[in-house]
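The chain contents come next:
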Amino acid sequence: MPVQQLHISAPRKGFYNITEQVKQIVREANLSEGLCTVFVQHTSASLLIQENADPAVRHDLENWISSLVPEGDPRYTHTTEGADDMPAHIRATLTATSISIPIMNGRLALGTWQGIYLWEHRHYGQSRSVVVHVGA
Amino acid sequence: MPVQQLHISAPRKGFYNITEQVKQIVREANLSEGLCTVFVQHTSASLLIQENADPAVRHDLENWISSLVPEGDPRYTHTTEGADDMPAHIRATLTATSISIPIMNGRLALGTWQGIYLWEHRHYGQSRSVVVHVGA
Amino acid sequence: MPVQQLHISAPRKGFYNITEQVKQIVREANLSEGLCTVFVQHTSASLLIQENADPAVRHDLENWISSLVPEGDPRYTHTTEGADDMPAHIRATLTATSISIPIMNGRLALGTWQGIYLWEHRHYGQSRSVVVHVGA
Numbered sequence: 002m003p004v005q006q007l008h009i010s011a012p013r014k015g016f017y018n019i020t021e022q023v024k025q026i027v028r029e030a031n032l033s034e035g036l037c038t039v040f041v042q043h044t045s046a047s048l049l050i051q052e053n054a055d056p057a058v059r060h061d062l063e064n065w066i067s068s069l070v071p072e073g074d075p076r077y078t079h080t081t082e083g084a085d086d087m088p089a090h091i092r093a094t095l096t097a098t099s100i101s102i103p104i105m106n107g108r109l110a111l112g113t114w115q116g117i118y119l120w121e122h123r124h125y126g127q128s129r130s131v132v133v134h135v136g137a
Numbered sequence: 002m003p004v005q006q007l008h009i010s011a012p013r014k015g016f017y018n019i020t021e022q023v024k025q026i027v028r029e030a031n032l033s034e035g036l037c038t039v040f041v042q043h044t045s046a047s048l049l050i051q052e053n054a055d056p057a058v059r060h061d062l063e064n065w066i067s068s069l070v071p072e073g074d075p076r077y078t079h080t081t082e083g084a085d086d087m088p089a090h091i092r093a094t095l096t097a098t099s100i101s102i103p104i105m106n107g108r109l110a111l112g113t114w115q116g117i118y119l120w121e122h123r124h125y126g127q128s129r130s131v132v133v134h135v136g137a
Numbered sequence: 002m003p004v005q006q007l008h009i010s011a012p013r014k015g016f017y018n019i020t021e022q023v024k025q026i027v028r029e030a031n032l033s034e035g036l037c038t039v040f041v042q043h044t045s046a047s048l049l050i051q052e053n054a055d056p057a058v059r060h061d062l063e064n065w066i067s068s069l070v071p072e073g074d075p076r077y078t079h080t081t082e083g084a085d086d087m088p089a090h091i092r093a094t095l096t097a098t099s100i101s102i103p104i105m106n107g108r109l110a111l112g113t114w115q116g117i118y119l120w121e122h123r124h125y126g127q128s129r130s131v132v133v134h135v136g137a
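Chains as they are written, first to last, in my numbering: chain A, 2 to 137; chain B, 2 to 137; chain C, 2 to 137.
Just so you know, not all the hints are guaranteed correct.
[Unchecked claim] Chain A side only, calculated, beta carbon under 10 Å to chain C, not exhaustive: (1) K24; (2) V27; (3) T38; (4) L62; (5) I66; (6) I100; (7) M105; (8) Y125; (9) G136.
Hint data in this document are derived by calculation from the structure and do not stem from the laboratory. Computed from a prediction, not measured in an experiment: that's the story for all the values here. For glycine and all other residues, C-beta sits at the position ideal for the given N, C-alpha and C.
Build out the structure end to end from the sequences listed, making use of the hints.
Laid out in structure tokens, this is it:
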């Protein structure tokens with residue numbers, strides 16, 4: 002099946018490593034060469050490929066973007082869903098909704114230090130849906 | 002035809018909802034599963050998937066990014082095309098030139114609240130060209 | 002071959018135009034219509050489609066993002082690899098790891114003013130690996 006849906010439990014703000022789930026879908030596709038596309042079906046969560054080694058990278062990323070896009074900015078008018086909602090939309094806008102990764106030698110062509118993350122931008126997250134397409 | 006070109010009238014800065022045009026191309030492709038890629042052929046307009054419900058989200062996004070990337074920053078040296086030109090290039094850099102969306106059950110796998118927008122970053126826009134590819 | 006790897010010499014921070022290398026891969030694929038995806042295998046370098054005419058655009062982009070993401074921010078905790086390392090991860094997060102460009106009439110459907118750049122975010126770069134997939 003070229004398209005599969007992943008349901009990711011993302012109960013709080015932060016990074017959820019989905020690399021293994023995506024690799025598993027690519028393995029099952031059994032293609033020597035191709036393209037894998039990851040898409041998140043939400044507007045307050047996004048996708049990120051970043052360093053999978055030192056967790057301090059993700060810690061600093063979260064801190065940095067929280068300063069860039071503060072909660073409670075008096076200019077926000079979309080406020081009915083909570084103080085973290087408009088910042089979540091802005092953070093998702095600045096990062097990725099879809100990422101496409103080539104398949105080479107039967108494997109996802111990620112660099113050594115690259116992991117694929119769902120980035121939850123709401124304080125109290127939920128189940129997030131990620132759709133993965135694999136094609137030749 | 003796997004590739005089609007859309008001409009979007011974008012006379013002023015802001016968001017232009019192109020979801021229906023993209024869905025129409027996907028319907029005509031008549032694929033049960035596949036991948037749809039949207040690409041904008043410009044460097045001062047970009048693509049965005051964001052909330053299609055409350056227009057305040059887009060209003061706040063526009064306000065926020067206008068503050069982040071102000072016009073008339075004295076550090077800009079690329080100024081001959083107007084005060085909004087260099088900010089437009091920066092805004093396009095921070096957002097997407099291409100977005101890929103899986104096709105699932107014969108339909109674009111957008112989430113319930115996701116719309117596809119052309120984001121015009123110049124004050125006085127123009128006709129913008131968006132190229133859409135649909136493949137298996 | 003649908004997937005090819007480019008090795009880009011990126012000895013210092015800045016922009017490396019890879020448009021011709023990508024176009025050459027597309028020419029060799031000899032497809033009338035299709036999709037070309039460019040993917041960078043690193044977390045401190047990224048991809049950018051931006052104006053290929055006035056180099057001042059790229060100069061101003063580099064200046065602007067250097068101010069947005071300063072080196073030596075005391076909040077960074079990921080500091081062992083140098084003062085430019087955490088800023089490089091943030092800059093890569095705000096820009097693109099993958100870009101997909103339709104192929105139309107046998108050619109990459111870039112706009113007139115669009116070039117494809119590898120954006121090196123470290124002061125002392127290295128050889129960077131870019132993987133290019135071409136499919137129907």
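| task | Check each numbered hint from earlier against the structure, then list the numbers of those it violates in ascending order. | result | Violated hints: 1, 2 and 8; rest satisfied.
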